[in-house]
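Model the full assembly from the supplied sequences, consistent with the hints where possible.
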Amino acid sequence: MRIAVADDSMLTREGIVHLLSVAGHEVVGQADDADRLLSLVQALRPDAVVIDIRMPPTYTDEGLVAAQRIHAAFPEIGVLVLSQYVEPSYAIRLIEDHPEGVGYLLKERVFDVAILIDALRRVADRETVVDPTIVARLFGRRRVADPLDTLSERGAEVLGLVAEGRSNQAIAARLHITERTVESHVTKTFLQLGLTDDPGSHRRVLAVLAYLRHQGITSG
Amino acid sequence: MTRGAFSRVLLVATGVFVMVVAVVAARQPSAVLTTYAAGSAAANIAFFIAGLALIAAGALAAGDRASGPLWSLCVLGGIAWLAPAWVGWDTGPALPRSVGMVLAPFLVPVLVHLLLAAPGRRLSGPLRRTAVAGVYGITAAASIGLALTRNPFLDPNCWSNCADNVFRLVSDPGLARLIEAIRLSASVGIGILAVLVATWQLLTSTPVARAVGWMVTAPAALAITAEVCYAAVLRGDPAESPERNPFVWIFFARSAALTALAVGVTWYVVQRRRRRTAFLTLVNELEMSPGIGSLQALLSRSLGDNSLTVAYWLSRAGRYVDALGHAVNPEVDQDRAMTAIVRSGTQVAVVSHERAILDDQTLRQRIGPAALLAIDNERLGVELTAHLQELRLSRMRIVTAADEARRQIERDLHDGAQQRLLSVLYELRLASSESQEDAHLSGALDALIEGTQKSLVELRELAQGIFPAILDEAGLGAAMGTLADQAGCAIEIRSVPHVRLPAPVERTAYLVVSETVGAAHAGSGGLTVNMDLCDETLTVCVDGADKAPSEYLADRVGAAGGVLSVNSGAIRAEIPCG
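Line by line, the protein sequences give chains A and B. For the record, in the first sequence the residue sitting at position 124 is 123 according to numbering that gives the first Met the number 0, with numbers rising by one throughout. For the record, in the second sequence the residue sitting at position 44 is 43 according to numbering that gives the first Met the number 0, with numbers rising by one throughout.
Do not take every clue at face value.
What the hints assert, rightly or not - For lysine to any residue, the following SDA-like pairs were computed, each having C-alpha atoms within a straight-line distance of at most 20 Å: (1) B:Lys453 with A:Ser166; (2) B:Lys546 with B:Val516; (3) B:Lys546 with B:Gly568; (4) B:Lys546 with B:Glu573; (5) B:Lys453 with A:Asp111; (6) B:Lys453 with A:Pro131; (7) B:Lys546 with B:Pro503; (8) B:Lys453 with A:Ile114; (9) A:Lys187 with A:His201; (10) A:Lys187 with A:Ser166; (11) A:Lys187 with A:Leu150; (12) B:Lys546 with B:Glu491.
Source of the hints: derived by calculation from the structure; they are not laboratory data.
Written as C-alpha cells, this is what we have:
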C-alpha cells in the first residue's frame, strides 16, 4: 500500500513510518499538520492516510476535519484517524457522513503492527474500523432496563464485532463459525434491538454505535 | 368651633375692639394734651403701630396652636399698651377711661409673663408659674387699690384723666400716691429681675434653643427695660407730661421695643410654620421615596430633557456608574453640561444634561433635599451593587483561572507524559518483535508492554478526570455522552442544548452533573439529566440524586452567577448565560 502519515509528534510519526516500512509498505509522504497533509494527498493520491486527531494550530479536532475533507474529495482513499481519547462521539462524528473507508483507532494500538496494517487494509478496502476499546466502552455503559441483557452471549459478541466494523465474513473467521450463522445472529440481534440490518452497507456500524450511544436519549 | 378656638377668637376680637375704641378716642378733638399719641404725628404713628403690631402678632400666633400662650400675651400686651388712649379720651364716658386706668399697669406683668414663657425658657414649670402669679398679683393689687382710692381730680400731677374714677370707694390721695409709688418700685424691681433672667436664659440655653428663642426673648427684654426706665423716671418725677423729655423719649423707646417684640413673635411663628411645612414636605417625599433608577427618570421628566443622565462616582473603583451599576462615561461638550452633586465636600454624582435646558446653579437649587436623599440612597445602592458585581467577577475569574490551569495540566499530560509512554510502548514493541527467539526476554517484554498499556489507560483517565477535553472541543452534548458512557450508574440524558454556550457556563453545567454522578452509588436507580436553555438561562436538572450537592458545587454555580437548589433528590441549577 502507498500510505501518507500526518502527526505533529515526530516520535509517533517516525515510529509509524518505521513499522510500515518494515512491514513492506511504501510511506509516500509525511506531514506535521493538516494543511500539509491535504496538499500532499492531492499531489500523491495514496491508498490510505494515517492522521492524528490533535494537530496544530488549535490541537483539538484538526485531524478529524482533515479526514472528513479528504474523504469528501477522494472517497477512494482510506482514512485512519488516531487519537488518545476514548471518545465515542469523535468516532461517530467521523463515520456518520460516509462510513466507508474510515477508521478511528486509539494511538496506543497502532504500534501493534498487525493491528495497524489490518486497520489500514480495511479502510483502503472501504470498510469501517472502530477501535474495540470504544465499542467496549459503549457496551459497558450502564442502562436502566438494559436491552443488551436480553441478548445471547454470542449475539452480543457478534454485535460488538459489527460495531468495530467487521464484515460478516471477518466475524465468521474470528469466531470460527459459518457466515450463515453470523448472518442469523445479526438478523436476530438487530430485530431484538429494533435496528434495520443492511449487510451490504457499512451504515450498520453507525446504526449500532448510535444505538448504543443514544439509547435512552430522546433528544439532543 | 372648639372652646379653645372660641376663646382665641374672642380675645383677638377684644383686642381689635380696644384698638378701634383707642383710634376713635384719639380722633376726638381735645383742648388739652391727654395722651402721648396726641403729642405729635410721629408719636401717634408709633403708638398705634406698636398696638396694632402686638394684636396682629397675637392673631397670627393664635393660628399656631403649638406656640403656647404667646398669642394671648401679645393681644393682652396690645390691650394694656392701648389702654392709655382710653384713659385720655377727654370727651369720652367715664367708664372706659376708668377701665383704661385699671388695665394700663398690666403691661409690665404681661411682658414678664411673655419673657418667662418665651421659646427657649429656662425656668422650671412651678417656679415660673409662681413668679408669673406673683407679678400679676402685685400688679392687680396695686391697680385695684388705685382704682378704689384714687381721685384724679385731687391729684396735682393728673394729666391724662383728671375727671373722677368710677371705681373709687374712698378718696384718699395720700394712700393712692403710696400705692402708685409701691407699684412703680415693684415694676422696677420685677423688671430688672426679669431682664436678668432673660440674659441668663439667652446665655445658658443650647445654641439651637437660642437660635429659636432669641427673636422673642431679646425684644421682650428690651420692652421690659423700657418699662423699667419709665417706672423709674415716673418714681422720681411724678409730674408726667407727654410734651417733656425724658418722657417723650421713653415713650418712643417703649413703642419701638413693643413693635420689635411684635415683629419678633411674628418672625418666630412664620419660621416655625415654614419649618413645619418643610418637614412635612420632606416626610411626604420620604414616603414617596423613588425606587432605584427612577431619579434619572424623575429629573429628566421634570426638566424636560430626555438625554439627562445621572452618573454616580465610585471613588474606590475610580469610575462612573449608572443607577444599575453599569459603567458609564458622562460626556461634556458645547451642548452638554455636567453638574456635580456634592455631599459633605465630596462629589458623589454628576447630572449630565443639555446645556440649553438650564444652568448648573438652577439645577442644584431644584434638586431639593429629598432628591438629594434619593441620590444618596441610589448612590449607596449603586456602590453596593458595584461591589457585589466586582466580587462576582473576581469569583468568576478565580474559577476560570482554576479551570484553565486544569485544562493546561490535561494538555500537558496528553502532549507530554502520554506521548512519552506511547514512544516507550513503541520501543518495547520493536524490541519484543526482535526478540522472538528468546522466550524469556520476550515474555518479560510482553509483561512490560502490558504494564505500560495499563499506565497509559490510567494516565488517560487521570487526564480526563482533571479536565474533560471533549467538553471544550465538542460541547455539552458529547461530554454528557462520555460521562454517561463511563459512569458507575445509569444516566439518562433527556435533553441538552444544541448550541454551544460560553465555556464557564458549559463547565459549570458539566460539573453539576459529574459531581452528582460521582456522588451516586454504583447500584443506584439511575439519574435523569435535563438541560434546557430558556431566556439566556441554562437550567440543569438532575433527578434521582442520592446525596445533597456539596458546598463546592453550590459555590461553583454561585460563582457563575447561578443558583443551586435541591428538592427531594432533584438537583436544579440555574446558570445565566449572559
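For each hint, the structure was consulted:
1. Of the supplied pair hints, the one linking Lys453 of chain B and Ser166 of chain A is violated, its CA atoms being roughly 30 Å apart against a limit of 20 Å.
2. Only pairs whose Cα atoms come within 20 Å are accepted, and Lys546 of chain B paired with Val516 of chain B is accepted, the gap being roughly 10 Å.
3. Between Lys546 of chain B and Gly568 of chain B, the direct Cα distance comes to roughly 7 Å. Compliance with the 20 Å bound is thereby established for this hinted pair.
4. A hinted pair counts as satisfied when its Cα atoms are at most 20 Å apart, and Lys546 of chain B with Glu573 of chain B qualifies at roughly 19 Å.
5. Between Lys453 of chain B and Asp111 of chain A, the direct Cα distance comes to roughly 15 Å. Compliance with the 20 Å bound is thereby established for this hinted pair.
6. About 16 Å separates the Cα atoms of Lys453 of chain B and Pro131 of chain A, which keeps this hinted pair within 20 Å; it holds.
7. Using a Cα cut-off of 20 Å, the hinted pair Lys546 of chain B and Pro503 of chain B is violated, with the two alpha carbons roughly 25 Å apart.
8. Distance restraint check for Lys453 of chain B and Ile114 of chain A: the Cα-Cα separation of roughly 18 Å lies within the 20 Å cut-off, and the hinted pair is therefore satisfied.
9. A threshold of 20 Å between alpha carbons decides the hint, and for Lys187 of chain A with His201 of chain A the separation of about 18 Å falls inside it, so the pair holds.
10. Our distance criterion of 20 Å between C-alpha atoms is met by Lys187 of chain A and Ser166 of chain A, whose separation comes to about 16 Å.
11. Using a Cα cut-off of 20 Å, the hinted pair Lys187 of chain A and Leu150 of chain A holds, with the two alpha carbons roughly 9 Å apart.
12. The straight-line distance between the Cα atoms of Lys546 of chain B and Glu491 of chain B is roughly 18 Å, inside the 20 Å bound, and the hint therefore holds.
Checked against the numbered hints listed earlier, the structure breaks hints 1, 7; every other hint is satisfied.
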